[in-house]
Amino acid sequence: MSLLSVRGIHKTFGDNQVIQGIDLDIEPGTVTVIIGPSGCGKTTLLRSLNGLETPEQGVVSIDDIEVDYASKPTPAQIRKLRSKTGFVFQAHNLFPHLSVLQNITEGPIYGNKQPPEEARALGRTLLEQVGLADKADAYPGDLSGGQQQRVGIARALALQPKLLLFDEPTSALDPEIVGDVLQLMRKLAREGWTMAVVTHEIQFAKQVATNVVFIDQGVIVEQGSPQQVLTNPSHPRTREFLRRILDPLADEESAS
Amino acid sequence: MHRWQLALDSLWPLARAALTGTIPLTLISFAIGLVIAVLIALAKLSSIKPVSLFGAFYVSLIRGTPLLVQIFIIFYVFPFIGITMDAWTCGIIALSVNVGGYAAETIRGAILAVPKGQWEASATINLSYWTTLRRIILPQAFKIAIPPLSNTFISLVKDSSLVSTIGVLELLRKAQIIATPTYDFLTLYIEAALIYWAICIVLSFGQRRLENYFDGHATV
Chain A
0 MSLLSVRGIH KTFGDNQVIQ GIDLDIEPGT VTVIIGPSGC GKTTLLRSLN GLETPEQGVV
60 SIDDIEVDYA SKPTPAQIRK LRSKTGFVFQ AHNLFPHLSV LQNITEGPIY GNKQPPEEAR
120 ALGRTLLEQV GLADKADAYP GDLSGGQQQR VGIARALALQ PKLLLFDEPT SALDPEIVGD
180 VLQLMRKLAR EGWTMAVVTH EIQFAKQVAT NVVFIDQGVI VEQGSPQQVL TNPSHPRTRE
240 FLRRILDPLA DEESAS
Chain B
0 MHRWQLALDS LWPLARAALT GTIPLTLISF AIGLVIAVLI ALAKLSSIKP VSLFGAFYVS
60 LIRGTPLLVQ IFIIFYVFPF IGITMDAWTC GIIALSVNVG GYAAETIRGA ILAVPKGQWE
120 ASATINLSYW TTLRRIILPQ AFKIAIPPLS NTFISLVKDS SLVSTIGVLE LLRKAQIIAT
180 PTYDFLTLYI EAALIYWAIC IVLSFGQRRL ENYFDGHATV
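As you go down the protein sequences, you meet chains A and B in turn. Residues in the first sequence are numbered consecutively from 0, following numbering that gives the first Met the number 0. Residues in the second sequence are numbered consecutively from 0, following numbering that gives the first Met the number 0.
These are calculated hints, taken from the structure and not from any lab test. Do not take every clue at face value.
[Unchecked claim] Chain B stretches covered by chain A per the calculated footprint, using a threshold of three residues with CB under 8 Å from any CB of chain A: (1) 109-120; (2) 134-140.
[To be verified] Below, a list of computed lysine-lysine pairs in the DSSO-like style, where the Cα atoms sit at most 27 Å apart: (3) A:K112 x A:K205; (4) A:K134 x B:K157; (5) B:K115 x A:K161.
The beta carbon of each residue, even a glycine, is placed where N, CA and C say it ideally should be.
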């Protein structure tokens, strides 16, 4: 059985139909990479999976929790769904007034009411895993962008979610530190975490993804293994998109 | 020369009135006022219409009427409804209610200035609305609000002189009491003004220390 199942998501911002009927399944232990042009609805889809966006229609179920957006779910229902997920933001959104360790233990202690000692022990283990054991008492403002994002990942892991959601986790980073974060994500994939990743990192998708989903204009155009979607895309829109991001200068050359 | 003598003789009584009247009056009213301000700010930000309307009504009423009139109304309303309340308590209530209205707008602005991503990140780690406010949003909002709140606090020190009109024994009232038998109001009022000024200079200094302290961490 799928860990996540999405049926018929529709989301509109004003007159703009951002998502126009998306179905998606994610199996436990797999990595789903969602790609697509900017404004295609991929981030909105990801945020609809845990109720950060509220679609007008669609059913999302994760593990044993199901939310039907058409029937106006209560905040409590959305919280239940959300508690199955961990979320890593593009802009990390760390809490600037809390130390690195507090950022990680905040959810376990004040969200899940775990004993503080236990949460702090877990927090230190996680910091070790993301390679920042010596930064426990630093503040987010003292860290580099890559380190901040690794803390963001540790914060998401601390709640031991069933599904990890990544919203363009490396887009705001300097190119030379993107690799650190991607390597950490690959490590998590190998450890068996179920992940859904919105990204423009095609190499990461090729190497780590189980399933690649290409979205354009609010619908899934094509999905399948990285081999199918990235190496031998069957749809012209997928080919066009990949050509543009893999060789951004190609258009101009062919025009001249 | 006896004018200087009078000033010198009244220095300690006036300072004592500041220490036992003006300063505690200001501190207590400000503390209660801040609690009111946070509640009113949250009310104004509420998505529940009657609650946000009440918040807007409160702020409008407090900011649209003179503090002196508010003090008189509170002083006379309690006997009217059959409650005995001494002038001190009335003064504290009036000043708290007033500060609450002004600081509410400051705090509302500061809450809105905390990036939306902080709310979202809190939601993703299972924090409830109230926990998010207490642990994540308000600490950051207060940092943003410190300069304007310090100004409100300093204004309150001076505004507290208005409760002298209902007989609260604070700095200005004491100056009046000392001046009455001597007829030398000018000396006593100047002296009172200088003491208010001295308090405000100390507070401004404290304000800068506080801002520097918060600048130390809590920045992204």
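Each hint, compared with the structure:
1. For the region 109-120 of chain B, the assignment as covered by chain A holds, since 5 residues bring a beta-carbon within under 8 Å of that chain's beta-carbons and 3 suffice.
2. Remark: the region 134-140 of chain B is confirmed as covered by chain A, as 4 of its residues place a Cβ nearer than 8 Å to a Cβ of that chain, reaching the required three.
3. Restraint check: the Cα-Cα separation between A:K112 and A:K205 comes to about 39 Å, which exceeds 27 Å; the hinted pair is violated.
4. Our distance criterion of 27 Å between C-alpha atoms is broken by A:K134 and B:K157, whose separation comes to about 46 Å.
5. The hinted pair formed by B:K115 and A:K161 meets the criterion: a straight-line CA distance of about 25 Å does not exceed 27 Å.
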